[in-house]
Amino acid sequence: MQEPQHSMGTMESMEAAGKLEFFRLVHRLTVFVIALWYVAISVKAFVASITVLRGLESKDLGTTTHESKLIVGYAGQGTVNDSPLVQDILKGSTDLRDDSIFLLTDATHSFTECTDVPGYDDSVNGNAFSRFLFSSLQTHAAEDLAYLTEIELVAPVVDCTFDSIVSTDEAVTQLRMYFLVRQQSNTSDTRLLSASVSTQDFQAEQQFQSGAALLVTIAVIDDMRATDVTHQFAIAYNYPYESEPRFTSGELIGIESDNFWRFKSLPPTRSIDPVKEVRTAYRVGGYIDDPVAQSNIEIVHWNLPTDPATELKNWEWHAYPELPAA
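Numbering (the working numbering), first residue to last: 1 to 326.
Be careful, since some hints might not be right.
Stated by the list, open to error - FRET-style restraints, in silico, Cβ to Cβ: (1) Val166 with Phe111: 16 to 24 Å; (2) Ala319 with Asp99: 34 to 42 Å; (3) Glu21 with Thr63: 34 to 42 Å.
Just so you know, these hints were derived from the structure itself, not from any lab. Please read all numbers here as calculations on a predicted model, not as lab measurements. Note that beta-carbon positions come from the ideal geometry of N, C-alpha and C, so glycine has one too.
Build out the structure end to end from the sequences listed, making use of the hints.
Following this line, the structure appears as structure tokens:
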């Protein structure tokens, strides 16, 4: 009668030993998987480190959108002539003014400054600088910009919700400007010029030239129902290190693999300067000792919208890393 009891105890012991062995196996498998996961992460970290140290290409850094929240509403849903900007704020008048229109909210505006922005500084976002920039564009207008000589500035328009204004960025690194203009030949015919302004690094390889430049993209909008938008480009070499931006017209050739824009730079009429190809981009970041040693720099250009609403509202900056070899 005792042998069955002994056999039962042996079976229970074997069953317990089997369970213990199973848990040991699961434990070993878990440790093995964790070890593989750790090795994979270590390899990825090693590859990333080599990429940074050797300056190999990294992936696209994506797009950052800078937004002006009010201008589209004031531009309306039809022609600029019929927009709230002209009909409500200016009471239908297209007379030339000596001030600017500052959009504060969807129902309020000012003719002096962005009164709702704490610490607002009008050094680059105010009436004087806006008119100075427009006058410089007109003075040096040529080629694709020749139409600027056929219009008159009614008033600059400032959207006080634009993020660089809200953050009180006083540098001419990224400015959004709008200009309400009228035709000289028909003073009741208005247009809204959308201007994106940025300081850039330029390279004219064939002429062995490089330095700073001010780049402006301009889109003329006369009807918010339009299905496309055309952009013109103006480049002022060596600005802001000169007293006035002396703009030349630029024809966009394309965007290069390193995210630089390539332009055909057209000199002013009667100029002895040659037509030249120029690369420009906004570069931000840092380096050690010199720009080609252990630097970590982003190269940025902005997208060109194809519809009026997006053109007025969004400024989309597309970034790509530049990591030269150590």
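Verification of the hints:
Between Val166 and Phe111 the CB atoms are about 20 Å apart, so this pair conforms to the stated range of 16 to 24 Å. Separated by about 36 Å at the C-beta atoms, Ala319 and Asp99 satisfy the suggested range of 34 to 42 Å. Our hint of 34 to 42 Å for Glu21 and Thr63 is violated, since their Cβ atoms are close to 56 Å apart.
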